[in-house]
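Asker: As a plain string of letters, each chain reads:
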Amino acid sequence: MSTALLLSVRNLRVTYPGDEGDLVAVRNVSFELGRERLGIVGESGSGKSTTGRAIMGLVAAPGRVEADEMRLGGTDLTSLDESGFRRLRGKRVAMILQDPKYSLDPVMSVGQQIAETHRCHFRSTANAARAAALEMLAAVHIRDPERVYALYPHQVSGGMGQRVMIAMMLIAGPDLLIADEPTSALDVTVQHQVLAIMDDLVRSRGMGLILISHNLHLVSSFCDRVLVMYAGRVVETCAAGELAKATHPYTRGLLASLPELGRRRAELPQLRRDPAWAEG
Amino acid sequence: MSAALTWRGWLLDPAPVSRRQARLGRWFRAWLAFQRNGLAMTGLCVVSALVLTALAAPLIADPRAAILQVLTERLQPPSASHWFGVDELGRDIFARIVFGARTTLIIVALVSAIVAPVGLAIGLTAGYFGNWIDAVLMRITDIFLSFPRLVLALAFAAALGPGIENAVIAIALTTWPPYARLARAEALTRRRAEFIEAAELQGASHLRIILSQIMPLCLPSVIIRLTLDMAGIILTAAGLGFLGLAAQPPAPEWGAMVSSGRQVLLGQWWVSTIPGIAIFVTSVGFNLLGDGLRDVADSRSS
Amino acid sequence: MIVLEHVTVSYGTGTGRIFAASDVSFRVEEGAAFGLVGESGSGKSTVLRAIAGLIPHAQGRVILGGREMSTRRSTAERKMAQMVFQDPYGSLHPNQTVDQTLSMPVAIHRLGYSDRRISSVLREVGLGREHRYRYPHQLSGGQRQRVAIARALVLEPRILLLDEPTSALDVSVQAEILNLLARLRQLHGLTLLMVSHDLAVIAHLCERIGVMSNGSLIELTSADALASGRVTHPYTRQLLRSNRGFDRSGAEIVDAAS
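Protein chains in written order, with my numbering: chain D, 13 to 292; chain R, 11 to 312; chain L, 25 to 282.
Chain D on its own, in the form it takes in the complex (with noise of 0.2 Å):
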């Protein structure tokens, strides 16, 4: 076994209890995951930024997460607490999420913000944690980290908040980085290079990558393989430059509904669902 299996996922369930009845988000979900970058697609209420928060066990109560087999390295998550998730994330598994204006605290400047993540992991002094955090702002190819460290969120821009992002979630060295829609606030220049550090770092360290996202386009030309979610279940698994020989109606039709720059259609073809998807 030449790469060692960072994550299995056998059977997840997500059920959130309603007043008419349980909400299934995630059904029967199963992947496994090595040292790669793997694509979770799919469109609204398919489930997939449900099971990113599961493996962090980032799903609130009442909703109820159950999974035959949930296993990261060689811990076992669906066993798992609060505070045993909260032991995991930032060490062993890292989220970085949409929008860096709502995932950073506007009140402290960005290189306290991973300063503190950095203390808070490895219990260093103050000076520590400050030139860590410096260090991890060069990482992220940031030209002036002195000068950044001392900025506010909202001074920076997108693109460089979400690389603020990439540092305070890699400081603490995670095994697994998962992104949730990581780029959709960017614009596309931004999104290219954002994506290019994280590609450089995720490599470099040898960790495993997990991109939600709602973009096809994006997922294939940037991940090795993609999973492809409608209604909480799995309907496609195939290696990224496969996706256009890809088999199940949904995908080929989510494919074929996308516009094309060159390929000029009267009509778009419109994706018709077949209830039967949702059984699977």
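Careful, some of the hints might be misleading.
To be verified - Chain D stretches covered by chain L per the calculated footprint, using a threshold of three residues with CB under 8 Å from any CB of chain L: (1) 82-90; (2) 111-118; (3) 128-138; (4) 174-183.
Said to hold, decoys possible - In silico negatives: residues of chain L with every beta carbon more than 12 Å from chain D: (5) Tyr35; (6) Arg96; (7) Thr99; (8) Ala100; (9) Lys103; (10) Ile132; (11) Glu154; (12) Tyr159; (13) His161; (14) Glu180; (15) Pro181; (16) Tyr259; (17) Gly269; (18) Phe270.
What the hints contain is simulated information worked out from the structure, not anything from laboratory work. Built from N, CA and C at the ideal position, the CB exists for glycine as well.
Place chains R and L on chain D using the hints.
Answerer: What follows is chains R and L alone, placed relative to chain D:
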């Protein structure tokens, strides 16, 4: 039984076919959410009891007993013939409490009727137009905000003479500024919303936008604030009554009743305490109602 | 149908002056579909809003249907161009039913036959009687956007302005809305002006395309030219490259300064 089921079904229909059905359905859903909160329902009961008591006062107690002084009976403890006892001038306290509810309700209603429209008008105008209009209106608001309620009321009493109308004016004048601020804050938040831009684009006049688009969004917070404030208004009115500035004798008013029983508080506790309890229960009732309304409004906006 | 001459929008004065749009001029023929593409801060939405008459302090001339538009639009002038906004969740009043939302423009312009107009425009955008009295929170994103389109159409404008109408929608819903817009354009002979950051979406719907950057119109091109890569300005080239998806081998990591 089946009629009730179809009413409920009609109200909760996800595809209503008329404006009335849509609007009533919305109210009904809000009511269902409100109903789930036990404390809020308690508050509603208390407030409803107050309103009913005030409206049906002559049916519950004898109006003459509230003001008729029977000096031989004075300071009798609560008994079968006088449920709440008799005060120092021989008047039946129960009748006075019941008719005092009218006074309380009148004060609360009048103050609300003045404060809400004035606060909304000033706040919405200031928040919507901004610039110098906002500055001028807010400075006026600040001036009124700086007056302490009781001092202003005393000034009014000195100038105009005591009485319920003057008490109402005094309370209203010092109560409206927070509502103007609330309305202004809401207007500022909503001003840049896309549906407001869409309304502008269609050619809606400023007045139409303020009244039909922005105001309906401010009303819930104003109403909730008002309900929570009622407790304060009642207490202020009671305070004024205590000082003899509100209802004039022999008209029953809870605050005045508390005041007049001061001398006999230790020996004949019921004269002051029972009106005090009435004030307390009513204030708490309004508070609970306001909290319940706020919970419903919060859950709907989230 | 649409003529812009030297439209400039600025905020602030002196050294703090920022130009959201500077000296933008172009023309759109009647019945044509024109796209404005650019990244955030390029000024494309500003130009759209200036055309819509939502920016009273805009400078320059906006001529719609041969009539020069005044800075404070009259009710009659407003009928010429209507807009569909980006966010289907924010462009509808949360406390008003679809029926109320559509009745307001009819009432403002005193068009009459309100009931008939509303039901016919709802049919046109693919919604039915069952949607008419619903509140926005009872509708899906795609349905809300249809209501927004209906609201724009109920005044029978000649020009439809579209501000990223599908960015907030799922991919499958995007296709439906784009098809609907194409169909409506044909049915009513509308002139479309669409703003987007997505090159593929713009090229699908529009024949002629303007590229904006930092408030200026830097290139006027066509969907065909973009498709074949025949573009002149380097920024346009960069946009085209980014549109092709992430290219690991070609990505040079750029240091960020701000």
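Asker: Confirm or reject each hint.
Answerer: Now the hints, each set against the structure:
no.: 1; hint: 82-90; in the structure: violated (count 0)
no.: 2; hint: 111-118; in the structure: violated (count 0)
no.: 3; hint: 128-138; in the structure: violated (count 0)
no.: 4; hint: 174-183; in the structure: violated (count 1)
no.: 5; hint: Tyr35; in the structure: holds, 18 Å
no.: 6; hint: Arg96; in the structure: holds, 34 Å
no.: 7; hint: Thr99; in the structure: holds, 36 Å
no.: 8; hint: Ala100; in the structure: holds, 35 Å
no.: 9; hint: Lys103; in the structure: holds, 29 Å
no.: 10; hint: Ile132; in the structure: holds, 34 Å
no.: 11; hint: Glu154; in the structure: holds, 19 Å
no.: 12; hint: Tyr159; in the structure: holds, 18 Å
no.: 13; hint: His161; in the structure: holds, 15 Å
no.: 14; hint: Glu180; in the structure: holds, 24 Å
no.: 15; hint: Pro181; in the structure: holds, 23 Å
no.: 16; hint: Tyr259; in the structure: violated, 10 Å
no.: 17; hint: Gly269; in the structure: violated, 3 Å
no.: 18; hint: Phe270; in the structure: violated, 4 Å
Figure legend: structure checked against the earlier numbered hints; hints not met, in rising order: 1, 2, 3, 4, 16, 17 and 18.
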